[in-house]
Amino acid sequence: MTVTTAPPVVAFALTEEQKLLVDMVRDVLKDRATSERVREVMLGDDGFDEVLWTELANLGLTGLTVPEQYGGAGSTFTELSLVFEELGRRLAPVPLLSSVVLGAEAVLAAGSDEQKAAILPGVAAGTTRLALAHLDPAGRLTADPDVRAVRDGDAWVLDGTAGFVVDGRTATHLVTAAVGPDGLELFVVAGDAAGIERTDLEVLDLTRPMAGVVYSGVRVADADRLSGGDAVAALHRALEAGVVAIACEQAGGTQETLKTTTAYARDRVQFGRSIGSFQAIKHRLAEMLVASESSRSAAYHAARILAADEREELAIAAPLAKSYCSEIYEQATGHGIQIFGGIGFTWEHDAHLYFKRAKSTKLLLGDPKHHRALLGEALGL
Amino acid sequence: MATDERKLVDGQIEALFASHPPADTPEREFWGAQFDHGLAWVQHAEGFGGLGVSPRWQGEVDRRINEAGGSTRNRYLNVLGIGMGAGTIMAHGTDEHQKRFLRPMFACEEIWCQLFSEPGAGSDLAALATSAKQEGDTWIVNGQKVWTTLGHLAKWGLLVTRTDPDLPKHAGLTYFIVDMEADGVDVRPLYQITGEAEFNEVYFTDTPIPDDLRVGEVGQGWAVAMTTLMNERVAIGGGVSPRGSGSISLAVGAWEKLHGQDGDPVQRDQLLSYWAEAEAMRLTTLRAKEAAKQGTPGPEGSTAKLHWADLNKAITSFTMDLMGPEGMTYPGGYEFTRPDQTSNRGTSAHKAFLRSRANSIEGGTSEIMKNILGERVLGLPGEPRVDKNIPWREVPRS
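As they're listed, the protein sequences go chains B and R.
Residue numbers 1 to 381, in my numbering, belong to the letters of the first sequence in order.
Residue numbers 1 to 398, in my numbering, belong to the letters of the second sequence in order.
Hint data in this document are derived by calculation from the structure and do not stem from the laboratory.
Even for Gly, the Cβ is constructed at its ideal location relative to N, Cα and C.
In silico lysine-lysine, DSBU-like type, Cα no more than 30 Å apart, as pairs:
1. Lys259(B) x Lys362(B)
2. Lys359(B) x Lys313(R)
3. Lys259(B) x Lys305(R)
4. Lys259(B) x Lys359(B)
5. Lys369(B) x Lys257(R)
6. Lys19(B) x Lys293(R)
7. Lys356(B) x Lys30(B)
8. Lys369(B) x Lys305(R)
9. Lys289(R) x Lys7(R)
10. Lys289(R) x Lys259(B)
11. Lys289(R) x Lys19(B)
12. Lys305(R) x Lys19(B)
13. Lys362(B) x Lys313(R)
14. Lys313(R) x Lys369(B)
15. Lys388(R) x Lys133(R)
16. Lys362(B) x Lys305(R)
17. Lys259(B) x Lys313(R)
18. Lys259(B) x Lys293(R)
Pulled from the structure, derived: some chain B residues nowhere near chain R, Cβ distances all over 12 Å:
19. Gly47
20. Ala118
21. Asp144
22. Arg148
23. Ala155
24. Gly180
25. Ala190
26. Glu197
27. Ala308
28. Lys359
Interface residues of chain R toward chain B, partial, derived using beta-carbon atoms under 7 Å:
29. Arg243
30. Asp269
31. Ala280
32. Met281
33. Thr284
34. Glu290
35. Gln294
36. Pro299
37. Glu300
38. Thr303
39. Leu306
40. His307
Using the sequences and the accompanying hints, generate a full structural model.
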């Protein structure tokens, strides 16, 4: 049977505070996440923009969704989703997804009070940067990851390899999914712990680094095994939040692509006319507008449902947003390159950065087909 | 101000319900009383079916009538009149027009149709050729209109004619109200690909229209026609359809009936892709409604028609594919009927498949919608025009 109950109603409109938040983030990114700066970081060795990250932390943005008792602002995911939309517009290379969403949500869901008190204030301050190491070396999400955890007195010993860890090389701590005697466990492992070898993957999207992490006899205290909740459920929660954050980022990137491409179509003259006056171009942009507006709706809805903690609806809204926004972002950036023409194919132009981000995020945390299968399960189809 | 308006509207609703219990009063009698209480088009002035308040109260009025067991289906039965004609008559009609036409229109005692499109003037409405020539106090009309919804039931028509072929095409038009029972009016059913005739062709042969049924000045027909088109659906407080309704429900129904959990994984993925897109589009209409209510409408309010038309075609076609051999049938056969009201709903998947082909043509083709989005929302320049500032007579026509 399909789900026929009406979905919870959430308002799309932003509050005055939320509008101020958007303005603030835009202001910072306008100065700090310029094309020159993004390129400098993506081609450098730092792995993320430390200057911008510090500024975001100073503005409290790294602690937006961290509860107040752990040093954060205790805002909802709606606020954080607005930040992701803006970061998506600028492709700002900062570890907000890896640390504040994937890592922190896992800790929030699976950590004990002491563990949360130990870890989350650093996350909120931006000084702790978490990364979630939960995939097998081939990047597959499996109930049986490659990393194994064996008990050794008061400690655990981890062996194996985690692949495709977003911001894995630069994270201060790796929230590592490993299989122990009682099933899946989550360990918070220092990034520079003895026996850890982290290697950047050669990634398609240089603005979002990923690493392979090899664990060779890595000793972790039992106190660093998250012990306040079920690891599988916590991982699920973290990934669901991650999926929604990516969808918002994609909606931002789609809007930016439409904006820059439209501006170019207005300015570029061929055959004595602005190319945007040709229906071949105009109609494609109109189609992009239609899709962009619906991708915004899907992403905003999912963010608000996550904020409201409507778990049943989230099982529909999150995979819907991830699958739809992924497809639309990829289409839009593809159209973008075509409309920019030759210049759109050059390295110097930014179109390829968005195109690569689109393809990469489409495949990150489950491709559209995977998410449509989840949607089908939620709907009973 | 808003509370004063609420008091006024509430008071009129109560008075109406007291004198004419919605569930027990015959429809037409109720609609007439609704008009007399200023609750037909609340934004109209008093005496003209309104109370002079914000049109946003209309949704509240209609909701209360429905809740009380009354009917608001006159808005569909006489959609061209109530939805489009009334606003035009209020904006451009004479006092006599307003007094004579509005009440019987609202009570569905007189049905209205719209006579704009012609075989040679579809997307390019201003190219229309139906002529009206003045002879004393009378205009003599000759020409052909097409796609006339409710034409076979209508008493009155909203007619745009060409009164001066020597002026540029937008300038030579004049707008009339035409009596569909007058001499020389021939209404013929226009059967469409579903076998039904929702629409008509209307032929005018030396049809006389008295000058006092002219709406607006001679040569102002284009401006009046734009008012008609802009009034489309303003009066209908149309809600957002529920999740999973419309064509996607036909696709889901076909899937569940014929495939279920064992279905083809490729088709399942396609079904869910359409489901996701239909829901994203529905959420966009919700978002647009909310923004419009707050007085901050954005681009999300302009994309629905185009998105819906193209998606609806895709989903209804996919539904036929899901049905396999059954998609080669047409249950009930092609019945050459003339339905009483426009309706896209409550129909078989087969008919929906065929009917949906019109979605990207009627009410602005998808190509024209893309021009509008491109030019008005995205700010792109228009195509160069070859029909501007030259007499209509000299504009090439097919």
